Amino acid sequence: MLLWNRAAVVGVPGVGKTSLCKAISKELGYHYINFGELMLKIAIERDLAHTLEDMLQLNTELQYRIWKSAALSIQNAENVLIDLHGVDITREGYLISLPFEIIPPEIIIIIETSYDEIFQRRTRDRGKKRVLEDYKTVKEHLSLLKYSMVSISTILGSNLVVLKNDELQTCLEHLKGVLQR
Amino acid sequence: MLLWNRAAVVGVPGVGKTSLCKAISKELGYHYINFGELMLKIAIERDLAHTLEDMLQLNTELQYRIWKSAALSIQNAENVLIDLHGVDITREGYLISLPFEIIPPEIIIIIETSYDEIFQRRTRDRGKKRVLEDYKTVKEHLSLLKYSMVSISTILGSNLVVLKNDELQTCLEHLKGVLQR
Amino acid sequence: MLLWNRAAVVGVPGVGKTSLCKAISKELGYHYINFGELMLKIAIERDLAHTLEDMLQLNTELQYRIWKSAALSIQNAENVLIDLHGVDITREGYLISLPFEIIPPEIIIIIETSYDEIFQRRTRDRGKKRVLEDYKTVKEHLSLLKYSMVSISTILGSNLVVLKNDELQTCLEHLKGVLQR
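Residue numbers (the numbering used here), protein chains in the order written: chain R, 1 to 181; chain A, 1 to 181; chain S, 1 to 181.
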C-alpha cells in the first residue's frame with residue numbers, strides 16, 4: 001500500500017536522488033516527477049529556453065513564473081514522488097525551491113551523503129555541467145537544506161525523514177520502508 | 001511573579017525534562033501538564049488504548065485526533081507548564097508534536113544534555129520501554145528539535161531558551177530564572 | 001542597478017555588520033537604516049529612554065511597541081538596507097527581532113565571522129558596553145540566528161545569503177555582488 005499521496009524527495013545535486021527516486025517509483029508504483037525537467041518542459045513549450053542552462057540564465061521573474069506553473073500543473077496529481085533540490089543556489093543566493101504552498105507534501109525525505117560521494121558524482125556528471133562547489137559550500141548547502149525542510153515540515157505538519165545514501169541498495173530499502181506499508 | 005501564561009518545555013526522551021518540570025512547577029506554582037499522559041488519558045477514556053504502547057500502535061489518523069483533542073482540552077488553561085517532546089520519532093519519520101497553532105506557547109524552553117546522560121537515563125528507565133537509539137540518531141533528533149523549535153518561535157514570535165541539564169540543581173536554578181521574576 | 005528594494009543585513013554583535021553596511025550603502029546608493037538606532041530615536045521622542053542601556057531596561061511590552069513602531073515607520077521606504085541583529089539575547093531568552101511581517105525583506109544577508117574576531121571587536125568596543133559572551137553562547141547565538149533566518153526566508157520566499165567577514169575588503173566585494181548587478 002502506498003503510504004503517501006504526495007512525497008517530496010530533496011537533496012543537493014550529486015547526492016544520488018534521481019537514481020533512487022526513479023528506481024523506487026517504478027518498483028512501488030508512484031508517479032515519478034522530476035521538478036527541474038518539468039520546469040524545462042514548460043520553458044521549452046513557451047519558447048523561453050531550449051536547455052537547462054538557457055533556463056537558468058533567464059531573469060528571476062521569468063524563472064519564478066515557470067516554477068509556479070510547474071507546481072500548479074501537478075497540483076491535482078496523485079501518488080506522486082517529486083524529485084527536486086529543495087533549496088537552490090542562484091546568482092542571488094539561496095532560494096527555497098520546494099513550492100510547499102502550492103503542492104504541500106505529506107512527507108519530505110531528505111537524501112544526504114558524504115562530501116566525497118557528492119564530489120565524485122558531480123565529477124562523473126560533468127556532462128550535466130554540474131558546478132563543482134568546494135567543501136564549505138556543500139556543507140552549508142546541506143545545512144540550509146535541512147533547516148528549511150524542517151521549517152516547511154513545521155509549517156505544514158508534514159512528516160520528515162533523513163536518509164543517508166552511502167550505499168544505493170541500503171538506501172533503497174530504507175526508502176521503501178518509508179513509502180509503503 | 002510567574003512570567004508566562006503558557007510555557008512549553010521540550011526535549012528528547014531521557015533528557016530529564018519531566019523531573020525538572022515537576023520540581024519547578026511545584027516550587028513556582030505553575031500547573032504542570034504532561035502532554036503525553038494527557039493524550040493517554042484521552043485515549044483510555046475513548047477506549048482506544050490502555051497503555052502508552054497501545055496508543056503508539058494506533059493508526060496515524062487516530063493518534064492525530066487524540067493529539068488535537070489533548071491540545072484543545074488545555075487551550076484555556078492558565079499558568080501552565082507543558083512538558084512534551086516537541087518532535088517525535090514515529091514509524092513514518094520525524095513529526096513536530098508541539099501543537100503550536102492550538103496552544104501557542106509564549107516561551108519555548110529546550111532542555112539538552114550529552115548523549116551519555118541520555119543513554120544512561122534511557123537504560124535506567126527500561127521499565128518505560130524507552131527505545132535505545134544510537135548516537136547518530138540521538139544527535140539528529142536533538143538537531144531537528146532545535147531547528148523546529150526555532151521555526152515555531154519565528155512563526156509565533158515566542159521567546160526561546162536553551163538549557164543544558166548536565167546537573168539537575170544548576171539547571172533548576174536556570175529554569176527558575178527563566179520562569180519567574 | 002540596485003537589485004533589492006529592501007535588504008536585511010543580520011549578524012550577532014561584533015561581527016562587523018555596521019561598518020560593512022555603512023560603507024556599501026554609501027557606495028551603492030542604498031538608504032542605510034540602523035534598526036537599533038531607529039528604535040532608540042523613537043524611545044527618546046516618546047521620553048521613554050535616553051540611552052540604549054535605558055531602552056533595554058524597559059519592560060517587554062514597551063520594548064515591543066517601540067520595535068513595532070520602528071518597523072512601521074519604514075514600511076514604505078524604498079531601496080533600504082536595514083542593519084539589525086536578527087535574533088537578540090534578552091533577559092527572557094532568544095527573541096527573533098527581524099520584523100519580517102511588517103517589513104518583509106526581499107533578501108536576508110547573514111554576516112558571520114570567527115569567534116576570535118567577534119571577541120576582539122567586542123573587547124575593543126567596550127565603550128559600547130557590549131556583553132562579553134563565552135564561546136558556547138556565541139556559537140549558539142550564531143546557530144539560532146541561521147535557523148531563524150532560514151525560517152523567515154522559507155515563510156517569505158526571500159533570498160538568503162551567508163557571508164564570512166574575515167576580511168573587510170573581501171566581504172565588501174561579495175556584498176557588492178549580492179546587492180547590485
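For the record, the hints were derived by calculation from the structure and aren't laboratory data.
Hints are not guaranteed to be accurate.
Since copy identity is lost for identical chains, a pair holds within one copy or between any two.
As the list claims (entries may be wrong) - Straight-line distance between alpha carbons at most 25 Å, and here's what the computed DSS-like set of lysine-lysine pairs gives:
no., residue 1, residue 2
1, LYS176, LYS136
2, LYS41, LYS176
3, LYS176, LYS26
4, LYS41, LYS22
5, LYS136, LYS26
6, LYS164, LYS139
7, LYS41, LYS26
8, LYS41, LYS136
9, LYS164, LYS136
10, LYS136, LYS68
What you are looking at is a predicted structure, and each value in this text was computed from that prediction instead of being measured.
Each hint tested on the structure:
1. Taking the closest pair of Cα atoms, LYS176 and LYS136 come within 25 Å of each other only across two copies (21 Å); inside a single copy the shortest separation is 32 Å, beyond that limit.
2. Taking the shortest Cα distances, LYS41 and LYS176 never come within 25 Å of each other, neither inside one copy (29 Å) nor across copies (34 Å).
3. In this assembly of identical chains, LYS176 and LYS26 lie within 25 Å of each other by CA distance solely inside one copy; the values are 11 Å within and 47 Å between copies.
4. Taking CA atoms no more than 25 Å apart as the test, LYS41 paired with LYS22 passes inside one copy only; the shortest distance there is 18 Å, against 44 Å between copies.
5. In this homomeric assembly, LYS136 and LYS26 never come within 25 Å of each other (Cα to Cα): the closest approach is 35 Å inside a single copy and 31 Å across copies.
6. Taking identical chains as interchangeable, the C-alpha atoms of LYS164 and LYS139 lie at most 25 Å apart whether they share a chain (15 Å) or sit on different chains (14 Å).
7. In this homomeric assembly, LYS41 and LYS26 come within 25 Å of each other (Cα to Cα) only inside a single copy, at 22 Å, whereas the closest approach across copies is 43 Å.
8. Taking the closest pair of Cα atoms, LYS41 and LYS136 never come within 25 Å of each other, the shortest separation being 33 Å inside a single copy and 40 Å across copies.
9. In this assembly of identical chains, LYS164 and LYS136 lie within 25 Å of each other by CA distance both inside one copy and across copies; the values are 19 Å within and 11 Å between.
10. With identical chains, the CA atoms of LYS136 and LYS68 are never at most 25 Å apart, being 31 Å at best within one copy and 37 Å at best between copies.
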